[in-house]
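Following the hints, position chain B against chain A.
Listed here are the chains, written in short residue letters.
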Amino acid sequence: MNVFDILGPVMVGPSSSHTAGAVRIGYVTRVMLAEEPVEAQIILHGSFAATGKGHGTDTALVAGLLGMKPSDINIPQSFEIAKERGFDVTFQKSVIKDAHPNTAIITVKGCEGRTIKIQASSIGGGRIMVNRIDDIEVNFTGENNTLIVHNIDVPGNISRITSLLAKNNINIATMQLYRHEKGGFAVMILETDQDVTKEIIEESQCLTGIIKVTYLQAVEI
Amino acid sequence: MAYNSIEEIINKCNDNKISFYEAIMQDTCIATGKKEEENLERMRNMWQVMCEASQEYDSELKSRSKMVGGTGKLMDIYMKSGNSYCGEFILTVIAEALKMGESNACMKRIVAAPTAGSCGVMPSVYIAVKKKHGFSDEEIVKSMFVAAGVGEVIAARAYIAGATGGCQAEIGTAAAMTAAGMVALKNGTPEQIGHAVAMTLKGMLGLVCDPVAGLVEVPCVKRNVIGAANAVVCAEMALAGIESVIPVDQVIDAMREVGDNMPTMYKETACGGCANTPKACEIASMLEM
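Just so you know, the protein sequences line up as chains A and B, in that order. The first sequence runs 1 to 221 under my numbering. The second sequence runs 1 to 289 under my numbering.
Just to be clear, a hint being listed does not mean it is correct.
[What the hints assert, rightly or not] As a list, the in silico BS3-like pairs of lysine-lysine whose alpha-carbon atoms are at most 30 Å apart: (1) K222/B - K73/B; (2) K109/A - K97/A; (3) K93/A - K279/B; (4) K186/B - K34/B; (5) K62/B - K93/A; (6) K66/B - K83/A; (7) K53/A - K66/B; (8) K186/B - K53/A.
The set of hints was computed from the structure by calculation and includes no laboratory data.
For reference, chain A alone in the conformation it holds in the complex:
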């Protein structure tokens, strides 16, 4: 902790968890989509559903999906901006099992046809936790450089990715592995100390057994 965890963030109100955190969830989702979003369905759970409207949670999530950060003064106008850009968003309220009170599920489609489904929660002070990607459980904050690798659960995939990072002198800070079922769909989450370049991401996508690679550059609170 340091003084800037106490004073700050600079943000658009009214709530660090319901507004700033919601912008961040939208923003992180957009970065992981890596395309201009054209269509999104957003499910709001718990306190996001109950008090989200008054806190501007809906506006905040859309603002983030449009690429705005929590301090952007255009956040209140996000619905109008989305309309101008042809970005179609629908909302629904629902109960998500075992989820944090401030949780949203965003299913978003990009202009090139890529889709991604993110479940994330706003955990206080504008910080967030991504809980699921495409229905696979994960846990990361987006505060560090994060590499998300969808792959087939067979031997060798992890070493191929880590070797590639090592070759490029990138240090892995943390690493998590998740899978749907044995031999099925799996996800590795690697947080790195150095920035992962576009070239490395492209190279990783060509490796055997790797389905999809998404990179999230550290987003400061």
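Same frame as chain A, but now just chain B:
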């Protein structure tokens, strides 16, 4: 985070013959890995955002629920009437705290200090201090480190959010931080800073977090005013040489004890207190429609 108590900071100041600001800055440089000037620059930016938020206050704005808006302007008009009990300094504090709280509720840009819900306490006092007592931006920015350093200790020993410790933790911490900053600005001793924090927090012990309809509006905006006024009077007492009988760190621990034992209905759940009044229930059901 090197400091776990205010006493530790005071001892460091006295042992090394350094100011409270220097003690916090030394720790900040280690924690952020950045030099004093870079840390100062980051804080200057926050002070600038606070000032901009005050200047850009729009009295026509209403929050999405329509519960909040326009009161900052009423206070300005009242101040100009010259018919008030208080002097211009405290009237400015009231007006600025209302403006910042309203701006936050109306989705304008603010600085969480330490939270968005309590964002009006610190800037209201600093804006009044600058306007009425001529302190420079640089003096204010340095004292913001003192305030934030106090906030760090409170966060480490207790809490700073209504959802975890009730409003005593949220507006209480904002007020305690502000009182510390005010004493530092007037070159009060480290001990006086500690007494100001202790007295401010003691006055807010037990305060519940009871937002109507779960929104950061009622009673939050006006509680920013109460917190700011509390900070001002406690800073004045400390500067006058008045001491807190209970040591500051023990007061912080008492705040934690009260928060730990506070029922969940008083922790931002909108189930108790002001949020549970017939009027609040009426407002909440209207907003749901």
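A quick look at each hint next to the structure:
no., hint, in the structure
1, K222/B - K73/B, "holds, 14 Å"
2, K109/A - K97/A, "holds, 24 Å"
3, K93/A - K279/B, "holds, 26 Å"
4, K186/B - K34/B, "holds, 27 Å"
5, K62/B - K93/A, "holds, 26 Å"
6, K66/B - K83/A, "holds, 25 Å"
7, K53/A - K66/B, "holds, 12 Å"
8, K186/B - K53/A, "violated, 44 Å"
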